[in-house]
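Engineer: Now for the letters of each chain:
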Amino acid sequence: MTPTTPVATPSATDAKVDSDAESGANSVAESDGDSAGDSDAPAELRVVPARHYWRWAAGAAVLVLTAQFAHGLVTNPAWEWEVFFRYVTADSVLRAVWVTLQLTVYGTVLGFALGLVLALMRLSRSPLLAGVAWAYVWAFRSIPLIVQLLFWFNLAYLYEELGVGIPFGPVVWSFGTMHLVGAMSAAVIGLALHQAAYAAEILRGGFLAVEPGQLEAAAALGIPRLRQLRRIVLPQAMRSVLPNAANEIVSLFKGTSIVSVMAIGELFYQVQVIYGRNGRVVPLLMVATAWYIVLTTLLSVVQYYVERHFARGADRTPPPTPLQRARAFTRTLKETR
Amino acid sequence: MSTSPVMVDIRGVHKSFGPHEVLRGIDLQVRAGEVTVVIGPSGSGKSTLLRAINHLEKLSRGSVSIDGALVGYRRRGNKLYELKEREILRRRTRIGFVFQNFNLFPHLTVLQNITEAPVSALRRPRTEAKERAEALLDRVGLADKADAYPRQLSGGQQQRVAIARALALDPQVLLFDEPTSALDPELVGEVLDVIKDVARAGTTMIVVTHEIGFAREIADTVVFMDDGVIVEQGPPGDVLDHPRQERTKAFLSKVL
Ligand SMILES: Nc1ncnc2c1ncn2[C@@H]1O[C@H](COP(=O)(O)OP(=O)(O)OP(=O)(O)O)[C@@H](O)[C@H]1O
Ligand SMILES: [Mg+2]
Numbered sequence: 001m002t003p004t005t006p007v008a009t010p011s012a013t014d015a016k017v018d019s020d021a022e023s024g025a026n027s028v029a030e031s032d033g034d035s036a037g038d039s040d041a042p043a044e045l046r047v048v049p050a051r052h053y054w055r056w057a058a059g060a061a062v063l064v065l066t067a068q069f070a071h072g073l074v075t076n077p078a079w080e081w082e083v084f085f086r087y088v089t090a091d092s093v094l095r096a097v098w099v100t101l102q103l104t105v106y107g108t109v110l111g112f113a114l115g116l117v118l119a120l121m122r123l124s125r126s127p128l129l130a131g132v133a134w135a136y137v138w139a140f141r142s143i144p145l146i147v148q149l150l151f152w153f154n155l156a157y158l159y160e161e162l163g164v165g166i167p168f169g170p171v172v173w174s175f176g177t178m179h180l181v182g183a184m185s186a187a188v189i190g191l192a193l194h195q196a197a198y199a200a201e202i203l204r205g206g207f208l209a210v211e212p213g214q215l216e217a218a219a220a221l222g223i224p225r226l227r228q229l230r231r232i233v234l235p236q237a238m239r240s241v242l243p244n245a246a247n248e249i250v251s252l253f254k255g256t257s258i259v260s261v262m263a264i265g266e267l268f269y270q271v272q273v274i275y276g277r278n279g280r281v282v283p284l285l286m287v288a289t290a291w292y293i294v295l296t297t298l299l300s301v302v303q304y305y306v307e308r309h310f311a312r313g314a315d316r317t318p319p320p321t322p323l324q325r326a327r328a329f330t331r332t333l334k335e336t337r
Numbered sequence: 001m002s003t004s005p006v007m008v009d010i011r012g013v014h015k016s017f018g019p020h021e022v023l024r025g026i027d028l029q030v031r032a033g034e035v036t037v038v039i040g041p042s043g044s045g046k047s048t049l050l051r052a053i054n055h056l057e058k059l060s061r062g063s064v065s066i067d068g069a070l071v072g073y074r075r076r077g078n079k080l081y082e083l084k085e086r087e088i089l090r091r092r093t094r095i096g097f098v099f100q101n102f103n104l105f106p107h108l109t110v111l112q113n114i115t116e117a118p119v120s121a122l123r124r125p126r127t128e129a130k131e132r133a134e135a136l137l138d139r140v141g142l143a144d145k146a147d148a149y150p151r152q153l154s155g156g157q158q159q160r161v162a163i164a165r166a167l168a169l170d171p172q173v174l175l176f177d178e179p180t181s182a183l184d185p186e187l188v189g190e191v192l193d194v195i196k197d198v199a200r201a202g203t204t205m206i207v208v209t210h211e212i213g214f215a216r217e218i219a220d221t222v223v224f225m226d227d228g229v230i231v232e233q234g235p236p237g238d239v240l241d242h243p244r245q246e247r248t249k250a251f252l253s254k255v256l
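Chains as they are written, first to last, in this note's numbering: chain C, 1 to 337; chain R, 1 to 256.
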């Protein structure tokens with residue numbers, strides 16, 4: 001490409017620097033501090049863009065390395081792509097993906113529901129409720145998830161029966177923990193309780209970010225308390241909650257692989273079983289990786305649109321969606337032709 | 001005028017924040033349909049008084065009643081029992097409050113901002129609330145902005161929406177806390193015009209403002225507050241033009 005030589009105008013000094021760093025086409029209009037030609041009007045000075053030789057060299061090196069890596073992925077027989085493709089949509093793998101999704105959804109829904117209760121307790125005016133919520137978060141953030149999971153898995157060993165009745169008094173209704181806590185429910189309980197501690201803090205942060213004047217206005221209008229929460233506070237809190245919540249869901253989604261220690265047939269456990277049988281470790285790890293990537297990508301897309309929904313009213317003119325942007329682009333292409 | 005019944009009755013109100021006594025014994029009666037304008041230097045307790053009237057601030061001592069009903073408390077014998085939040089919220093629907101910085105709900109449209117409280121607090125049917133909101137928007141000159149979001153409006157327009165939102169509850173009293181001081185000078189007029197229009201319709205109002213000309217125009221009573229007490233009150237012609245107290249004179253000479 002030919003370097004452009006723009007003529008400096010007074011506004012060129014604060015012109016936006018082109019984000020395309022590799023091209024080196026930044027139009028920087030800095031005087032070198034020399035006093036020569038001070039009398040010339042700046043509009044007549046020529047601007048020579050800075051040349052970033054090292055940046056170009058680094059860019060080239062990265063490109064070469066990336067190409068090499070991609071080439072290796074395709075041509076190195078050790079990746080065993082035919083094994084990958086045989087297993088990536090195999091029934092046992094799909095079933096395992098389904099289990100992983102279930103664990104994620106249950107963990108997220110229950111975790112955030114309990115997290116909401118904890119966050120509200122923490123923000124309530126009752127020091128007792130706030131203290132309990134604080135202690136919960138403290139405890140469940142301190143205990144490693146895997147320890148907690150194994151604990152739930154072995155609950156039957158600690159308490160053989162759980163029952164409902166008068167506190168410290170007679171039990172009205174009871175059931176054996178053996179039936180209550182199977183491996184799957186132990187996993188869901190463990191993930192949800194762990195998730196709740198983090199969700200509580202994320203939601204609390206969201207509530208704190210809502211301007212206090214909003215609650216005051218709602219109170220002055222006499223809007224009932226629950227309604228204030230649902231209609232005024234939550235939607236505004238969602239803006240700061242969502243990015244963090246999405247992070248949590250993604251890390252829970254991948255974190256479900258930890259329940260493989262409980263012999264639950266989720267994705268990671270399943271590929272371990274398969275490569276234990278046939279010894280094809282690398283392609284099967286790639287199978288799991290591919291599914292984790294695909295589903296995380298889907299979640300990111302959902303996140304984008306949900307965030308957009310809750311941003312309504314925040315900007316004077318909301319930015320177009322990628323789809324709208326693409327349509328506008330093709331329209332201009334057609335018109336210019 | 002003075003024959004109409006007392007709508008807002010403020011008796012011996014004290015309010016302290018920790019050791020700092022901000023209101024030091026306020027007595028004030030506002031009659032139905034009257035406009036009372038409160039002026040005074042910064043920090044004199046004007047906002048605190050307004051917030052005490054609708055119980056956004058709890059009183060340390062004294063009482064406020066609207067149309068004979070205590071705000072925030074129930075009296076039994078010689079004791080005041082604080083009401084539950086739900087009852088306080090219900091009584092607040094009779095008191096409209098317009099904030100200095102509007103406090104519109106940014107994620108709701110203008111129309112939703114206005115219909116929210118009538119629907120959720122007064123349980124009015126949605127269609128009825130919507131029609132009323134449209135009529136109010138028309139009255140404040142914003143009929144075409146019903147579906148806009150607050151951030152898409154100018155400050156003056158936002159404050160007019162906030163006034164419409166307060167009016168939607170058909171309050172017995174409207175409280176304004178410096179409704180124009182967050183606005184650019186050229187936007188002040190449009191908001192004052194709306195407030196004047198509401199005053200003319202016979203709504204009981206208490207307005208805190210620094211706009212002395214406006215006070216002279218709409219006030220039936222002007223109240224001058226300083227350091228947590230009412231120093232002087234009376235018709236605008238007396239308090240603003242022939243103040244008797246030195247502190248009032250000193251304040252007016254600074255702001256006029
Ligand atoms: N929540 C609070 N905690 C402690 N002090 C407060 C609180 N709210 C108000 N104050 C103090 O009370 C005094 C009166 O405040 P207020 O806001 O009522 O004054 P104002 O007359 O409305 O002033 P301005 O004209 O500046 O709005 C001030 O000294 C302020 O610092
Ligand atoms: Mg104030």
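Worth flagging that the hints you see were computed from the coordinates, not collected in a lab.
All C-beta atoms in this analysis are idealised placements derived from N, C-alpha and C, irrespective of residue type, glycine included.
Careful, some of the hints might be misleading.
As the list claims (entries may be wrong) - A few chain R residues facing chain C, derived, Cβ under 8 Å: (1) Met-7; (2) Phe-17; (3) Gly-43; (4) Phe-97; (5) Pro-106; (6) Lys-145; (7) Glu-232.
Engineer: Which of the numbered hints are not met once you compare them with the structure shown?
Structural biologist: Result: hints 1, 2, 3, 6, 7 break, sorted rising.
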